[in-house]
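Let's have the full structure, built from the sequences with the hints guiding it.
Residue numbers (my numbering), protein chains in the order written: chain A, 228 to 790; chain B, 67 to 416.
Honestly, the hints are just simulated from the structure, not real lab data.
Just so you know, nobody snuck in bad clues.
Straight-line C-alpha distance at most 30 Å; calculated DSS-like pairs for lysine-lysine:
(1) K613/A - K596/A
(2) K411/B - K388/B
(3) K345/A - K360/A
(4) K640/A - K329/B
(5) K728/A - K411/B
(6) K613/A - K360/A
(7) K592/A - K640/A
(8) K398/A - K360/A
(9) K360/A - K284/A
(10) K329/B - K596/A
(11) K360/A - K592/A
(12) K345/A - K463/A
(13) K388/B - K728/A
(14) K592/A - K329/B
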Amino acid sequence: MFACIYVPNFPVAAALRAEPELQACPVAIFEGKPPLEQIIAVNERARDAGISPGMTKAQAELCPDLALRQRSPLQESSAHAALLDCAQSFSPVVEDTAQDTLLLDLAGLESLFGSLTKISHAIFDRAQELGVKANVATAVNPNAALLAARGLAMVHGEAENRKVMVIPPGKEAERLGQLPMEVLVDDHLEGDQREEAASLLETLNRWGIRNLRALAALPEVALSERLGQQGLHLQKLARGAHTRTLVPVEPPLIFEEAVELDHPIVLLEPLAFLLNRLLEQICVRLASRALATQELRLTLELSNLTGVDDEFDNAGIPSESDGSKETMRGQPPSAVRRSEAPQLSRRSTQFCRKLSLPLPMLDAKVFLKLLQLDLNAHPPGAPIVKIHLSAEPARPRSAQGGLFLPPAPEPEKLELTLARIAGIVGEQRVGAVELLDTHHPEGFRMRRFVAEVARKTPQNKTPDAAEAQAAITALRRFRPPLGANVTLQNAQPMRLICPAKRDVQGDVLWKAGPWRFSGDWWERDAWSRDEWDLAVRNGETIAFYRLVHDLLGGGWFVEGTYD
Amino acid sequence: MSSAVVSTSAAPGRPFLFDDESEAEVCSASAESKRPGGKHSPESVAASVFQSAIGNRQSAISLAPASRLEIRPAPEMITSGIPDLDALTGGLPRGCLTEICGPASSGRTSVMLAALASATSRGEYCAVIDASDSLDPHSLAVAGVDLDRLLWVRCGELKGAPSLSPRFLRRQGGGFDFSSPLPLNSQKKESESRCRIASVKDSSRSQRHSEHCLEQVLRATDLLLESGGFGLIILDLADIPPQSARRIPLTTWFRFRRAVEHKPTILLSIEQQPIAGSCSSLLLQLGVLSSQFSVISSNQFSKNPDARDWRPSHAHLFTELKIDAELIRSRLDRKPARSITFDTKTAWAG
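Have a look at this one:
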């Protein structure tokens, strides 16, 4: 058995997927260069309002409530990718017949999804989740399914909500018979083929053939004598007897969504609405393929329209003079691509942000909040004319917390919390510590903090062993080290005064040292120093400090206190 | 710990009950007493009204004997990583705020690292909100803290703060040494006067910096407490001057206590002086007394600090510190204040 997913008026469906609020409005899609813009697709409401394909844009604009949208290849390719995801989530054998048509092999899926009717309805629901309203038809051969799916719109009209047809084996001719002759003509034919098909239909129309049942009832020999092999082929199609093998495709795992804006976005708040929509679409697509994502790339095309800059300067957009020079985190500056738009009056740049996640996630709200926090910290600094969002697919994490494991922060929540804290204290000032293989006293770096539930508890040291270990005298560092005035006697510190910190001063009661350390002499940042451990009396208390004498620079510093 | 805290009627979850009818009755009785032709004297009427009101209120409020009051379970006590300290306090309570205070070199950070090592060895995730960016990662590693399980929030960054490279240190110039033949007293006076001038200039700046750090600490703490999932959250305010730390409103500490109350999180605050008031369930005071200073060195230092030790300084080694810990207040274990002494060893002491 085969199923066909067909999206009537595909350009309109792609536009409605990008702007779901237009579902209740008459919508027409036009293309072409001004002033020769022509309507190419309309929805049922627009057709009721008298708009039809072939009209000029100026004619269509006479309809007051009509939503006119320019054809967007980006939106159509996104909708097509969503359809492919929908089909791939049911069957591995999918034929990419056309941009608006997909064929699936349903062999062996009954045990997984239930009866053919259930599968058809599930496909319809999944397509609707992905934002596309599709016709779904199931038949014993691909062509019968294809004709049935195309004919559903013509038979029921758009008023019918659920357009699903299941043709039982042996009933193809009966169920297809009611379909009009137009379903036999492929919408994607162009040039001579289209004219030839049109003349053939006209001939059949003159014969009084109005539907497929009439065509199927014609005698084969007589039809062959008059229309040749083409006529026989059409009759086989009308009877649902023509079969062929599918040409399966393996669609690449690319999850991208884009939207082009008629008017530039100036504020981050409306941008968040659009990002939310794109993120939800990407998340649904990922979920349909049982995937998650660990990396999101946001590319904003910025526009500096001449004469518009002044208007936007005071509009409240966070300005960052070098915002367009922002490089993607963790990528070389060459990763930022700049492009010059063909119009002389428009200078567009691309602003890229990369959101790397520690674990695969699939939560549009979390992604949106993270992107908002990131854009707040790194505003684009110019009006946005195009938004492109892509997600790198990854297998979803399968770790499960145990009943007896200690609690761990929830990864999605933690990521948001870390992003918020990074906004407070700075990006590089929150995370986990990683010690570097060096003897430098500040030999460490910050890295991303990841809380994995499945991470094993260190087993080499039991709690009893940890308790048995004596507490360590810790060093509290002064960052940066405090410059100190040191009184020396016999080349040994006798008194210590830190002008920057009044608490750190007093007579040296006891000292140990000097302990000499040096390193990185082969690099520009070589260091060499003497360390002293001092006990200093400050009033009634005694404090212990690490005093450092920089042998290369000659200064004295209090590096920290033992506490 | 087997103690339990009995909640009072003002505790959350036990609302007071008021009866509208009793209120109406009181009003009508009082109105009746105002009538000129009333039979009862005003005093007797007032007494009867009061008694009836009390009676009604008693019937309306569900009074329960003390034995039936809700008993809040005792918090789980977790080892601090220092057995002597556990013997004193019973451990660190989960879902409570614990304060550890003391001056510089009193062992606060050692206790903090021991608690971190203990928590991470149990597989818990910990967070340190470091107000003055003073945590030493090498000390963490030596103390046995699992660095993968520790979130370090480094507050207090100032715009344009210099890096810590040796080149910066050289450029900064550092202090200077007084190896000139000036008498020691004059050197001391000169340096103190310089310090005084500098301190007046820097006092307002350092106060602003402290407030900036505190703001970051409080906001980060709020976020982490809200996030949940951490076994131990430490507010390191040890280098914040007490006068600045006391500016944290008491409501903030109440909010923290409330946020952590029903979570398996230990909220630990390290500071110079107690600042959380009654919000902390456990208050420890640490210190190194002068009398205990003599044992910091392995065996070279004389017991009398004034006595001359003619050994060269490089023959000395700083090996251990004796910490005096005093339990100031515990709301979990009502016992008189007492103290203990424990040792902390330096990383190189072996």
